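J.: Work out the full structure: start from the sequences and follow the hints.
4 protein chains.
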Amino acid sequence: MQDKKPEIMERLGRVGVTGLKTIVMTNWKGRRYNFVPEIELTLDLDKERKGVHMSRLVESITECIEEEVEIRHGSLEEIEKNILEKLKGKHSFNHAEITMKTELVVPKKTPVTGKTTMETYGVEVTVSSDKGVYTKRLLVEVFGNTVCPHAMNKCEGKTHIQRAIGILEIETDYGNEIDLEDMIECVEDAFPSRVYTILKAEDEKQVVREMYENPRFVEDVTRGILNNAKKRFKNVKIRVKTISEESIHRHNVIAEGSCRV
Amino acid sequence: MQDKKPEIMERLGRVGVTGLKTIVMTNWKGRRYNFVPEIELTLDLDKERKGVHMSRLVESITECIEEEVEIRHGSLEEIEKNILEKLKGKHSFNHAEITMKTELVVPKKTPVTGKTTMETYGVEVTVSSDKGVYTKRLLVEVFGNTVCPHAMNKCEGKTHIQRAIGILEIETDYGNEIDLEDMIECVEDAFPSRVYTILKAEDEKQVVREMYENPRFVEDVTRGILNNAKKRFKNVKIRVKTISEESIHRHNVIAEGSCRV
Amino acid sequence: MQDKKPEIMERLGRVGVTGLKTIVMTNWKGRRYNFVPEIELTLDLDKERKGVHMSRLVESITECIEEEVEIRHGSLEEIEKNILEKLKGKHSFNHAEITMKTELVVPKKTPVTGKTTMETYGVEVTVSSDKGVYTKRLLVEVFGNTVCPHAMNKCEGKTHIQRAIGILEIETDYGNEIDLEDMIECVEDAFPSRVYTILKAEDEKQVVREMYENPRFVEDVTRGILNNAKKRFKNVKIRVKTISEESIHRHNVIAEGSCRV
Amino acid sequence: MQDKKPEIMERLGRVGVTGLKTIVMTNWKGRRYNFVPEIELTLDLDKERKGVHMSRLVESITECIEEEVEIRHGSLEEIEKNILEKLKGKHSFNHAEITMKTELVVPKKTPVTGKTTMETYGVEVTVSSDKGVYTKRLLVEVFGNTVCPHAMNKCEGKTHIQRAIGILEIETDYGNEIDLEDMIECVEDAFPSRVYTILKAEDEKQVVREMYENPRFVEDVTRGILNNAKKRFKNVKIRVKTISEESIHRHNVIAEGSCRV
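Residue numbers (my numbering), protein chains in the order written: chain H, 1 to 261; chain B, 1 to 261; chain G, 1 to 261; chain U, 1 to 261.
Rather than coming from a laboratory, the hints here were simulated on the basis of the structure.
Quantities reported herein were computed from a predicted structural model and do not represent experimental measurements.
Treat the hints with caution; some may be incorrect.
Said to hold, decoys possible - Short, incomplete list of chain G residues facing chain H, as computed with Cβ under 10 angstroms: (1) Q2; (2) R11; (3) L12; (4) V17; (5) G19; (6) L20; (7) I23; (8) M25; (9) T26; (10) W28; (11) L57; (12) E246; (13) H249; (14) E256.
What the hints assert, rightly or not - Using 30 angstroms as the maximum straight-line C-alpha spacing, the simulated DSS-like pairs for lysine-lysine come out as follows: (15) K47(H) to K108(H); (16) K154(B) to K88(U); (17) K241(B) to K81(U).
Beta carbons are placed, not taken as given, at the ideal position from N, Cα and C, and that holds for glycine.
T.: Next comes the structure, spelled out in structure tokens:
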């Protein structure tokens, strides 16, 4: 049925499955990770064919993941490329892409007492194949804060402070090795201070001190992330969005920017 | 089919429709309001009957709302009671309840410059009929902030500040007249400062000043809301939850309390 | 402070407020509408200036909405253009855009008994100014269903059916008059059948009959929407996405397409 | 500061942290699991004390999880009880409770071709301590479908079908051993058919056939889950909610029930 001619002949750019969840294991730089990502896998459909064999898309994912258990591939992007490779044998397409959206837990140290604290980051890893050429898109979502320099100036050192979320997205060739952990650092370093899951009294004092020493608008944070990423990575497209959940308003403020380096 | 005996004979406490959206108009104390609430309408189902005639539930809602356009009832709770009354003629039940979840926009003045600013609040209004006795449950969700008194004490007046959300829920007899606007004030008055959609420079200074003069934990805010509601309302059950979206952590902190007065 | 030179000199493409909610009233073709949309208003920021005066953005919105109460402008896009015009006097920018995301309630008739039923649609209206040239982007989100033609073929007329959501987005010149109601029809006509808030027994029979007479993949629905929009509108970019919430899987399937006409 | 007397003296029932995410490892019946649950940990606060030492709550979680890496406790509920035990040494309280909300991935076989397919379920595990007495609450969220028996009767075997979600919650003594996998089966067996991530053509035919052989209202599904749980478990309170995402309506229908056995 899927291979029949459709009544309406229109090429479709992205057809596939979304919101699929399964277990994925990686072995990145000697450390084992277990994820239950949300997966989206799509390909283009030429105007002569009615539909995509959706079950073959799912098979590409599950077969590949079963193999992974043996092979222990190194990263989400390696697994994703393998899935697209496997898909080539089952389907004809010009463009295909796969995204895994999950959470990365990274051990960190608190700033003064040096306690180990597990910090969780939203991440998205996409690999695309365009006529056989592979590119990737990496995204990290990092919590931090903004501290209003304008209010600080007007109110003798007092100001409003709030949680902010910084999102850094990098697009580059598949072969350009980029660590999600490095991307996370680019974002964390741009906030007035980092945030931690655990903070002893001395750590908390230090975090508050940093906030007041580095007052920053949401615009400053976005520029900081852009700048950090430009210094750290090469041959990449960079997109940044910061959202500040204002403590004096019901609404949020945002700042977005992008560049190429 | 719905009136047949079911294979498995179990009484069900709540059966009905949810997530239904439609236009509702009220005329509360001389001011006209238009809402597009999300509606949930359920009744109990005795163990002898297979199903509820869902279309009759929807009809009770739509017929009632059509009449409202003429009659201009005063409040969401009045419309809800009418819907339950209409339902009695169509269905047999011991217990029925209807909830409308929507947003209330209230004009306010900014604290120094006195500009008019429209502030939006999440509200939920529920009317229940239990063997013909009507009760109601009102809920408001109000944005504000917390200002850590502990950090302020340890860091010479510096502290961390964040957006917080206060939720006040009141359960009482149907006839006990309670204004959602009064409930909103109970919550707003318990925060270190109110928040506003628009703030001129002088207003912002005042809001920041208030924050530092009234440092409060999430526990303090919840106790303040409880206290304000106890003083304002009679013959009610009060439930309060405050969520503080910490600016120094990835996670939130919460405080819940309840009482009866 | 906002007008100072920033430490890091990067142009930012979009800076502003988001998630702002307020009341907006329109008078579209003689019918009055009240909305409480979620508003995002952004402009670009050149690399020489530290920040945007966020309160002026909010003022452009509120002043314009207050005037509207008198003037009764016809549509969300008219109000949005006015807000951007007002912003020109307060801010210098090359690019600015404003989006209102809300719900449109449209009265319809059930297919057999002809009862009036209120149907609710998600809509987004964006107006952009690029060096003074205005364009707009309109989006509607419409519920419907998919009926698997492949299973119907294999299982002697039996098949799996599920809720689906069709999203149609149109980009065009500001002056190109396009009704959201017409866009909604383009989507509704592409589904196996329409869906209704109220359905009497005879209506339900008709809806079920239509489903089995028009089995369609998610791909078919997307092509149908594209085709309907191509026939109805001129000088537009069209983007379509359909999401089918499979009743035989935990995950969803999607089909996206776009064209220009 | 937290130990000071508060201005307003009200006992609070639940104070603590929520939305905290970290890695948790278990070793349930010989199989290793890795979770990144969302954690909520609260305790009651008497009216004489201003606040809870939030950092001690987080420490109870992190210390316990670090030990787990060595000890390999068997289940989420075992880890949760350990966290509450550890909390006793740091805080005085009458009532404390901890919830972990995460996803359980279970390997299953497709119905005809017997392929291995990974199925993902939402789960919540709560342990409460009330004056030293431990109880627990387990919840599973399972996807399935409903098939309207009323329409099937009226439309000569044709009907509307849709995705449905069944939620089963069990409350019982801490020591009463209950498998989440068994709870999941209670829900899956109550739907017209199970749903699968992967389905070959023959499997899909079988799933469609089962749907038409077991048409069920949302009420039937809820009663079926109640019945299955009553037969399987002892000394438990059972709560069930099923949500059917109608393919002929914009809104959902629900059925809830509860019993004790």
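J.: Now tell me, hint by hint, if it's right for this structure.
T.: Hint-by-hint comparison with the structure:
{"no.": "1", "hint": "Q2", "result": "7 angstroms, holds"}
{"no.": "2", "hint": "R11", "result": "7 angstroms, holds"}
{"no.": "3", "hint": "L12", "result": "4 angstroms, holds"}
{"no.": "4", "hint": "V17", "result": "5 angstroms, holds"}
{"no.": "5", "hint": "G19", "result": "5 angstroms, holds"}
{"no.": "6", "hint": "L20", "result": "4 angstroms, holds"}
{"no.": "7", "hint": "I23", "result": "14 angstroms, violated"}
{"no.": "8", "hint": "M25", "result": "20 angstroms, violated"}
{"no.": "9", "hint": "T26", "result": "22 angstroms, violated"}
{"no.": "10", "hint": "W28", "result": "26 angstroms, violated"}
{"no.": "11", "hint": "L57", "result": "9 angstroms, holds"}
{"no.": "12", "hint": "E246", "result": "9 angstroms, holds"}
{"no.": "13", "hint": "H249", "result": "8 angstroms, holds"}
{"no.": "14", "hint": "E256", "result": "4 angstroms, holds"}
{"no.": "15", "hint": "K47(H) to K108(H)", "result": "51 angstroms, violated"}
{"no.": "16", "hint": "K154(B) to K88(U)", "result": "26 angstroms, holds"}
{"no.": "17", "hint": "K241(B) to K81(U)", "result": "25 angstroms, holds"}
In this structure, the earlier hints numbered 7, 8, 9, 10 and 15 are contradicted, and the remaining ones agree with it.
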